Amino acid sequence: MSIHGDAKPLPYVEDTAVDPQKLGPFVRRFDEIVRNHNTEAGYYGHASVGCLHIRPLVSLKEENGLNRMMAIADEISDLVKEFGGPLSGEHGDGIVRGVWTEKMFGPEITQAFREVKSTFDPDGIMNPGKIIDCPPLTENLR
Numbered sequence: 009m010s011i012h013g014d015a016k017p018l019p020y021v022e023d024t025a026v027d028p029q030k031l032g033p034f035v036r037r038f039d040e041i042v043r044n045h046n047t048e049a050g051y052y053g054h055a056s057v058g059c060l061h062i063r064p065l066v067s068l069k070e071e072n073g074l075n076r077m078m079a080i081a082d083e084i085s086d087l088v089k090e091f092g093g094p095l096s097g098e099h100g101d102g103i104v105r106g107v108w109t110e111k112m113f114g115p116e117i118t119q120a121f122r123e124v125k126s127t128f129d130p131d132g133i134m135n136p137g138k139i140i141d142c143p144p145l146t147e148n149l150r
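In this text, residue positions in the sequence shown follow the numbering used here: the first is 9, and each later residue adds one.
The hints are simulated quantities; they were obtained by calculation from the structure and are not laboratory data.
As the structure is a prediction and not an experimental result, all values here were calculated from the model.
Check the hints yourself; a few may be wrong.
Restricting the straight-line Cα-Cα distance to at most 25 Å, the calculated cross-link-like pairs of lysine-lysine (DSS-like) are [stated by the list, open to error]: (1) Lys-69 with Lys-111; (2) Lys-69 with Lys-89; (3) Lys-111 with Lys-138; (4) Lys-89 with Lys-30; (5) Lys-138 with Lys-125; (6) Lys-111 with Lys-125.
When you get a sec, could you build the whole thing from the sequences and use the hints?
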């Protein structure tokens, strides 16, 4: 079955992970956030280890599509942090989740990331804008 219309399942909060014991309440709250933004999501993942790939349906062609996407992402990052999990349970932070590095890891660890990056890449030419000092998520859309 395909999805009709412009709303598509987008991979911007699709790698969350929490303690499997907390998965039920986490998924209910995640779904509540998505529905509060008048959309739904596709759910799949590795439930036995608490890693979920949930993709909210958002139309980036709609005037408020980007705002909806960012609002959902901000609320989901708060939810994941509340449940003691990472935004990147399996795939890494990189472009999509890098804007929340400091929120998720704290200022001290984020600064340590910067120092390690600076040590091995003093000119900032290797993979810039990933994990630390990332541009807004909305700048990396295709």
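Okay, the hints, checked on the actual structure:
Between Lys-69 and Lys-111 the alpha-carbon distance is near 29 Å, which puts this suggested pair outside the 25 Å criterion. Distance check on the hinted pair: Lys-69 and Lys-89 sit about 30 Å apart at the alpha-carbon level, beyond 25 Å; violated. For the hint linking Lys-111 to Lys-138, the alpha-carbon distance of about 15 Å falls within 25 Å, and the restraint holds. Annotation: proposed proximity of Lys-89 to Lys-30 holds, straight-line Cα distance about 13 Å (limit 25 Å).
For the given pair, Lys-138 sits about 10 Å from Lys-125 by alpha-carbon distance, which is consistent with the 25 Å threshold. The suggested pairing of Lys-111 with Lys-125 holds, with an alpha-carbon distance near 19 Å, which does not exceed 25 Å.
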